[in-house]
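Enquirer: Could you use the hints to bring the two separately framed chains together as a complex?
Same order as they appear, the protein sequences are chains A and B. Position 63 (the first sequence) corresponds to 62 in numbering that gives the first Met the number 0; numbering is contiguous. Position 69 (the second sequence) corresponds to 68 in numbering that gives the first Met the number 0; numbering is contiguous.
Keep in mind the hints are simulated off the structure, nothing from the lab. All C-beta atoms in this analysis are idealised placements derived from N, C-alpha and C, irrespective of residue type, glycine included. Be aware that one or more of the hints could be misleading.
Using C-beta positions, here's what the derived DEER-type ranges look like [what the hints assert, rightly or not]:
no., chain 1, residue 1, chain 2, residue 2, range
1, A, MET9, B, ARG323, 49 to 57 Å
2, B, VAL232, A, SER26, 33 to 41 Å
3, B, VAL232, A, LEU20, 51 to 59 Å
4, B, LEU140, A, LYS37, 58 to 66 Å
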Amino acid sequence: MKIENTKAQMRKGILEYCILLILSKRSLYVSDIIKELKKSEMIVVEGTLYPLLTRMKNGGLLKYVWQESSQGPPRKYYELTAEGKKFLAELGLSWDKLVEAINAIKNNDLNF
Amino acid sequence: MEKALTININGSIFHINEDAYIKLKTYLEKLSRHFGTNPDEKEIMQDIESRISELFHQKIQNENKDIITIVWVDEIISIMGKPEDFEDEENEDQNQESSSNKKIKHKMYRDPEDRVLGGVCSGTGAYLNISPLAIRLLVFLLFVLTGGFIVILYIFFWIVLPKAETTAQRIEMRGKEPTVSNIEHSIREEVKDIKGNYKNFQKSDSYKNGKEKISRFGTIFISFLKAIIKITVVLAGLFFMFIGISGILVLLLVLLFGAQLITFLPFWGVFGPDLNLPEITNLFANSGVAIAISIALLFFLITPLIGIIFAGTKIVFHYRSNNRLIILSGLAVWVIAIIIIISIGFSQTGNFIKGKTTTNITTTTHSSSSLNYGNNLTGFNDSLNNFKYSTLYIHLTPGSHSGYKGNHFNKTKIKTKNGQILWIAEPKFDIEKNSNNKLELTIQKSCRGKGNKAKKNLEQIKYNYSLKDSILFLDPYFSIKEGTGWNDQGLNITLRIPKGKSVFLSMDIKKLIYDIKNTSNTWDGDMVGKYWKMTTDGLSEIKN
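Next up, chain B with everything else stripped away, as it sits in the complex (with noise of 0.2 Å):
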C-alpha cells in the first residue's frame, strides 16, 4: 500500500505516489533554480512542465495504468535532464548564467537527517561548514558553563530555524562553496572588490579625462561603502545576538539568585533590573498572586530580549522563517503580561495606598505608671527610670547584627539567621530633646494600609533593644512575622534626652542613625565614636 496524492501539472490532473511527488516535486525545484537568474525563469519552467505533463499523458495512454510511479518521474528526469546535464550542452548566455547560480543563497536550515534533538547543532555545522561534533562540543561546553542557559538559545533556534527537507535546501544550508564562514567569506570578497577596484584605479594612471575618474572613484567609494555596511550590520547582528542574550541571562540569573550577581557583569550591572524573585514572591501575601505575577514579568521582560536576539540572528546569519507570525506571537505574549502586571498591580496596591497606619510605644521615666507594651519594656522601663549615669552608651545589641544571609529589597531584607527564614528591616534612630527632666525612648512602628489588617500588620513587627548598666542595646533589625507581606513597614527609635545628659554613639550604629540634628550639623555618618551632649541648643560634640 502506498500514499498517492493528486497533481495538476500544466492543468492536467494525475494521481502520483507520495515518493514519486516528494521527487518530482524536487527535481522541479532544481529546475527552477537553475533557471532562476534567467529573466525567463517562468516561462520556461511553464513550458517544461507542460511537456512533462504531456509526457505523462502519453505514459498512462501508453502503459494503461493511471498513477504516477517513482519509475516514472525517473525515466521524465532523464529525458529533461538535470541542470547538471545542461551545463555542458547550453551555450555562453547559459555558461555564464550558470557561473553566476554559484552563487547560491546561503541560509541557515536544521539538518533533519543528522540529528540529536532537532538539528540545530547539525544545521549551524552544515552552515558554517564545520563538523556538527564541534558545533555539538562548543554548545555542550556552553551548556556547563553557562549552567544549562544555552539550552534556552537552543530552543530559541529549533522554533526559528526552518528544516532543510528539499534537495534544493539541502543545498542552501550548506552553500556551493565551502567556505569556514560564510560571513568572514562574504567580507572578503567585499575587500577584494575593493582591492581590485583600487588596482585598477591605480593602473589607470593616466587618467583620461576627469569623468572616468569620478565614475573610477565612484565605483571604489561605493564598493567601500558596501563593505563597511556589510561589516557593520554583521557586527550590529552580534551586538543585538550579544545584548539579548547577556538580557536573559542577567534577568534569569536576577530572578533566581538576587541583584547582587549583576553588579559582575558588564553594561548590566548598571542597566539591570533591580529585581529579586522570591522576594517579590514574599511581597504578596498570596502566592498564587505572586507566581502569576512572577511569570507574567519574566515573559515581559524577555519577549523583547528574544525579540533582539531574533533580529541578531536574523541580520548574522540569513535563514528563512516566518516573520510575521514570530512578530504577532511575540507581541501577543507581550501585551499579555502587561495585563497581568497591570491587573494584578491594581488589584494588590488597592490596599497599599489606603493610608499609613503608625502606632507609638513609649517608654519613659516620666511616669511611674507602666508602659507595658511588648514583653521586654517593663523591665526596660525600669532600667531607664533608675538610668544614674551622666552618659548613655548606645551600641548594637552583641552578636545580633552577624550571621544574617540573603538579599534585600527597597531596605527589606529577607535573610537566614540559624536556618530559619527572617523578614527583616532597618529602623530608623533618632536623638531629641527632651522638655522635662526624664530619659524617655520611643519606638513607633507603622505600615501601609487602613484598619484592623494595619493592625495586625502592626502587631507582627518585632524589634528587641535592651539597656544595661549604662549601654543601650539596640538590634540593627526589626523583624516581620513571615506570610505577613510587605506593606512598607518601618519602625522609627526616637531617644529623648534631657538637657546635661550625654550619649555615646558607637561606631556599630551608623547604619541606624537616621537625620540626628546637632549643632555642628554633622553628619550622621561622622556622629558616631564620639560623644555628644544634650545642650539648650541640641545636641553638640564633646571635644576631648
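Isolated chain A, as found in the complex (with noise of 0.2 Å):
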C-alpha cells in the first residue's frame, strides 16, 4: 500500500466540499481557487480541478459569470448558486459527524 494513494483517496473524497467552502466566502477566479487549494494541499497539479468546476456547475452547485480581467481576457469567477448553497449545508453536516466519528474512534480506549 502506498500511503500517497490513501492520501489522494481521501482528498479525492472531500475535494468537492473543499471547493464549495471556498467557494460560499465569495466568488473567486479558477486560479484563486488552485491558490486556496494548494495552500491547504488539497490538490498537486491544477488539470484536475477543471473538469471537476465543470462537473458541478453542470450539476447547478456553481455558475460563473465573466468578469475583465486588467491582464488578458475576460476571465470565468464561480459562486454557488442556491442548490450549490443547500448542498454545502448538507455536506457541513455530514462532515461534522466523519470528523466526530473519526475522534471518537481516535481518542475512545477500545474496551472488548
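Expert: Below, the structure is given as C-alpha cells:
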C-alpha cells in the first residue's frame, strides 16, 4: 500500500466540499481557487480542478460570470447557486459527523 | 539560433520556440484525449488553455522574456499535471472515464522513428504488436516469392498510411492494450460479450416476465449480430485486399508474360483479361503510340484494383487517411487513362475500318500460261500440271511446325524460331470441287484497309507450300513481315479438285482445315486421317 494513494483517496472525497467551502465566502477566479487549494495541499496538479468545476457547474451547484481582467482576456468567476448552498450545508453536516466519528475512534480506548 | 513560432492561446498571442511548441501541442492533445470521453471536453480544454495562457502571461512579466521556451512548457505541465497525475486524484466519475479511456483508438500508422524506408513495416509491427523485424522478414520473403511485386503494396501503404508523429498518434499506433492482433482481439471481445449475455440469460431461469425475456434475447441477438457483422466486414475487407492484390499480380503477369500464365491462378483464370503487353505493342506500327496505350491501359486496369485494396485495408485496419484526395486523384488518373485509350483507339481504328482488301493468287493446271505470283509458284504450277496420281496427299511441311515459341493474340501469333521473331498466323484450308478437269490451288490473302497501304501490307504476307510427287506440303503458318502492324491479315488456301480425284488429309493438317463441305457432313476435325473422293455431290469418304 502506498501512503500517497491513500492520501489521494482521502483528498478526493472531500475536494468538492472544499471547493464549495472556498466559494461560499465569495466568488472567485479559478486561479484563486487553485491558490487556496494548494495552500491546504488539497490538490497537486491544477488539471484535476477543471473537469471537477465543469461538472459541478453542470450539476447546478456552481455558476460563473465573466469579469474583465486587467491582464489578458475576461475571466470566469465562480460562485455558488442556491442549490450549491443547500448542498454545502448538507455536506457540512455529514462532515461534522465524520469528524466526530473519527475523533471518537481515535480517542476512545477500545474496551472489549 | 532557434526557430520560433507565433501561437494564439485563448486569444493571446505568444512567441514560442519550435521545440517548446511541439511539446505544448503534444501535451494539449494528450489532455484532449484524456478528457475525450467527457461530454464537457471542449469547456474543460478551454478552461485549461485560458489558464495556460494566463500562466505564460505571468511568466513573461516576471522574467522579462518575450519567448516561451521548453523550460516554461515543462513548468506549465508540472503545474497543470499530466493525465496520469489526474487518475488518482479524480473521483469516481472520472475514474470510470479513464477506464473507458483504455479503449483507445487503434489505428495503423507508419513509424518514422524505426524505419528502413518509409516505416511501413515498423508501423505494421507496432499495430499488430509484432516485432518489426518479423514483418520485415515476411516482406522480404514475399518479395522473393512474388518477384518484387510486394514493392507495389509497400509503396501503396507508404502513400496511404500517415506518419505517427505526435505522441497521441504513437499511442494510437500501438493501441493501449497489447494484443497479438487488434482484429482478433476485438472479435474475441465480441464473442465474450455474447457468451456473457447468454450466460446471464441462462441464469435468469426464473424468466420473470416475457418482457425481460424479450429484452434479454434482444441484447444477445444484437451482440450476436454485431459480432457477425464485424467478422463479415473484416472478411470482406480481406477479400477486397485479396482480389485487388491478386488482380494487380495477374495484370502484371499477363502484361509482361502473356495470357497463358493466368490460367494457373484461381478466380482470375476465368475472368482475367486476355492481354499481352508485347503483343499489344506490336499491334500498332508506331511504337510511341503503342507505349502510350500500354501505359494508359495499365492505369485504366490498375486504378480500380488499387481502389479495391485501399477499401479493403481501410476496413481491416482502421487508419486515418485523406479519403477525398485519394479517391479524387484515383478517379482523375482513371478518367485520363480512359480518354487516352479512347482517343488513341479512334485514331488507330480509323484506318482499320476503311475496308477489306484481298488478292488472289491462283495456280492451276488450267492454263499453260504461267501464273507466277511469288517465287515458288512457277515450279508449283508445273508440278500441278504434271500431276498424274489419282490421290493427292496433303501434309504439313515437315519440320515447319516445330521450334516455335511464344504467344498468340487473336489467332495472330508472335513466335520466335531460331532466335528470330516471327509474326505468324494460321491459314484456312478448304477443298472445293473444280468444274473443269484440273487440279487448282488458290491462295487468297486479305487484310484490313484500302489503297496502296493495304496492298503493301498484303505483299508482306508470305506463305510457303510445295508439291512433292503426290504429296502437297502446306506450312502451318503464314508469316507477316515484322513492323507491318496487325490488320487482321488472313490467308485462305483453296484446293479445287476435279471429279474422280481423291485426297488424303493427314492428321497434322487438322488445324488448317476450315469448313470443308462433304457429303456426310463430317466435322473438320474428323476429316483427317481419311481418304476423300470428289463425286458429283461433293467430297465423300472412301471407306476401306
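Enquirer: Each hint should be assessed against the structure and marked as holding or not.
Expert: Here is what the structure says about each hint:
Separation of MET9/A from ARG323/B is about 53 Å and conforms to the stated range, judged on CB atoms against 49 to 57 Å. The hinted window of 33 to 41 Å between VAL232/B and SER26/A is violated, with their beta carbons roughly 53 Å apart. The supplied range of 51 to 59 Å is met by VAL232/B and LEU20/A, whose beta-carbon atoms lie about 53 Å from each other. One distance hint, 58 to 66 Å for the beta-carbon pair LEU140/B and LYS37/A, holds here, with the actual separation near 60 Å.
Comparing the model with each earlier hint shows a violation of hint 2 alone; every other hint is respected.
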